[in-house]
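Number of protein chains: 2
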Amino acid sequence: MGAAMRQEVGAEERRRLRAGDRRELIARMIQTDGTVVVEELARSLEVTPSTIRRDLALLTEQGTIARTYGGAMSAGHTAEPTLGQRSGLAVAEKDRIGRWAAARIGPGDTVILDAGTTTGRLAHHLRARADLTVITCGLTALRELAESDGIELITLGGTLRHVSQGFVGPLAELTLSRLTADKVFLGADGLDARLGICEASLQQTSLKEMMADRGKEVYVLADSSKLGQSPFTAWAPLDRPWTLVTDSGATDDQLGPFRALPDTEVITV
Amino acid sequence: MGAAMRQEVGAEERRRLRAGDRRELIARMIQTDGTVVVEELARSLEVTPSTIRRDLALLTEQGTIARTYGGAMSAGHTAEPTLGQRSGLAVAEKDRIGRWAAARIGPGDTVILDAGTTTGRLAHHLRARADLTVITCGLTALRELAESDGIELITLGGTLRHVSQGFVGPLAELTLSRLTADKVFLGADGLDARLGICEASLQQTSLKEMMADRGKEVYVLADSSKLGQSPFTAWAPLDRPWTLVTDSGATDDQLGPFRALPDTEVITV
DNA sequence: CGCATGATTGCACGTAACACGCAAGACTCT
DNA sequence: AGAGTCTTGCGTGTTACGTGCAATCATGCG
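So the sequence lines, in the order shown, correspond to chains A and B.
When we follow our numbering, the leftmost residue of the first sequence carries the number 1, and every step to the right adds one.
When we follow our numbering, the leftmost residue of the second sequence carries the number 1, and every step to the right adds one.
Bear in mind the hints are in silico, worked out from the structure with no lab data behind them.
Idealized CB from N, CA, C, for every residue including glycine.
It is possible that part of the hints are untrue.
[Unchecked claim] Using C-beta positions, here's what the derived DEER-type ranges look like: (1) Ile267/B <-> Gln229/A: 52 to 60 Å; (2) Glu217/B <-> Ala57/A: 53 to 61 Å; (3) Gly63/A <-> Glu147/B: 27 to 35 Å.
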């Protein structure tokens, strides 16, 4: 009787899916179609957009899909934790710093670029330049300049640190021992006025120390989030005159210790 | 003076990014971070949300990204921008050759990969491997393996030859002089049974010669279009036993001279 | 069989993000 | 230097979103 009634009314009042089944169906549709629209789902599943939204919110929380404006899509790959987190913060600041540093580099210069995203931005602003020799141990800078015919690009060899996308180790230092430069641009995971540059491994600090020693002028590029931070325990001291380049978001508290140093210039951009 | 002025005006009047640069920056952020937020972008790039929305709309139309509610995320992997430039010829053959070579490499091996697209394909098939040490002077191989944590990746430094996307020169040879390997995989612009490997510059042939000398087993990867060709005048002789790996499109005329060589094995895939 | 409990849904409302048009400003090119 | 193009910021209305609330449905228990 109940069944008869249901089948009689037909499409008008057909039995609705249960919540779990409906969500599973939605998830499958997204997997196959790649993208869905709230309104269409509501119509085809005969529920209100509100319900669909709730379903999508649940699936999003669950991680299977990603919301879009007015719909949802497959969340094939969420994020790359390797380089993503660091590069995500303060992009504009890093870019400004890189742009400033690029303006400091003149025709005929030979410069050393450290690994890291900030020096990567610096390299980006050098792409169109010519009459320039760039020495780098960073993959990001390397990628930026690989196509720039006008630039003599020298790479330090060595072992690749996958997490920092840079070359380190005795082979890198061996290569560097045959080179010097006019200007050196270093990055930093953390920076302390007294201790110097903080990094995750001694391999990195050792190379940075050597790079700083190989150039006439030393610049440290560090956005304000790095100042006063010491996230790791390996340090590269800065015992020669150097220039700190950071962004204007740095507080006076952060900058004070660096301004107090002799032979150290502080630039904010 | 100019520099001093800039640093004085500081945050107040800093130069803003041009539209194209900003969009490129946004695209890059999305590629690396996977997801971004309109408000944050607006704040960090110092433009209004409206402008960010316009940028995102443009990038969406372009297919680079996908909008979400209040932000944007990476769209399906449309990437591979750097790859596939003029290497369009014989991709399938190169890939087969690279796949065969990858199968030759076992756990614990240390291998040297030459620069070039064919060795790049070889590297591609090694991406998921572990317990492997790869030494390379090629940017394509480097790009393929940069994210592969399981692989110890050592790069020869040196000067980048932009046209061949590989490192050459005395610094590369210096680095190589500290290394040896189980297997060496060389590419070739041209290959002659009597003369050896033909390249555009002596820098390249010199390095190839040294690489061949540094490995226990030597493989030359060359699709059939290279056999018997001598497009240039610099040669790297092959005076030790070696293995030619080419594609099945090679004619008997092409293969004959190589089969006639003593201590030379010929593989077609 | 009837009732209670929990889950689910539709609706309404306030909020946030979006798209579009317009005018002012910046940049480029001749 | 001036004209034209591109870009940007702001104001408008529109759309989608999220949440609280009450009604409905399914289910379990006495």
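Status of each hint after checking the structure:
The hint said 52 to 60 Å for the Cβ distance between Ile267/B and Gln229/A, and at roughly 55 Å that hint holds. About 58 Å separates the C-beta atoms of Glu217/B and Ala57/A, a value consistent with the hinted range of 53 to 61 Å. Under the hint 27 to 35 Å, the C-beta atoms of Gly63/A and Glu147/B, about 22 Å apart, miss the expected range.
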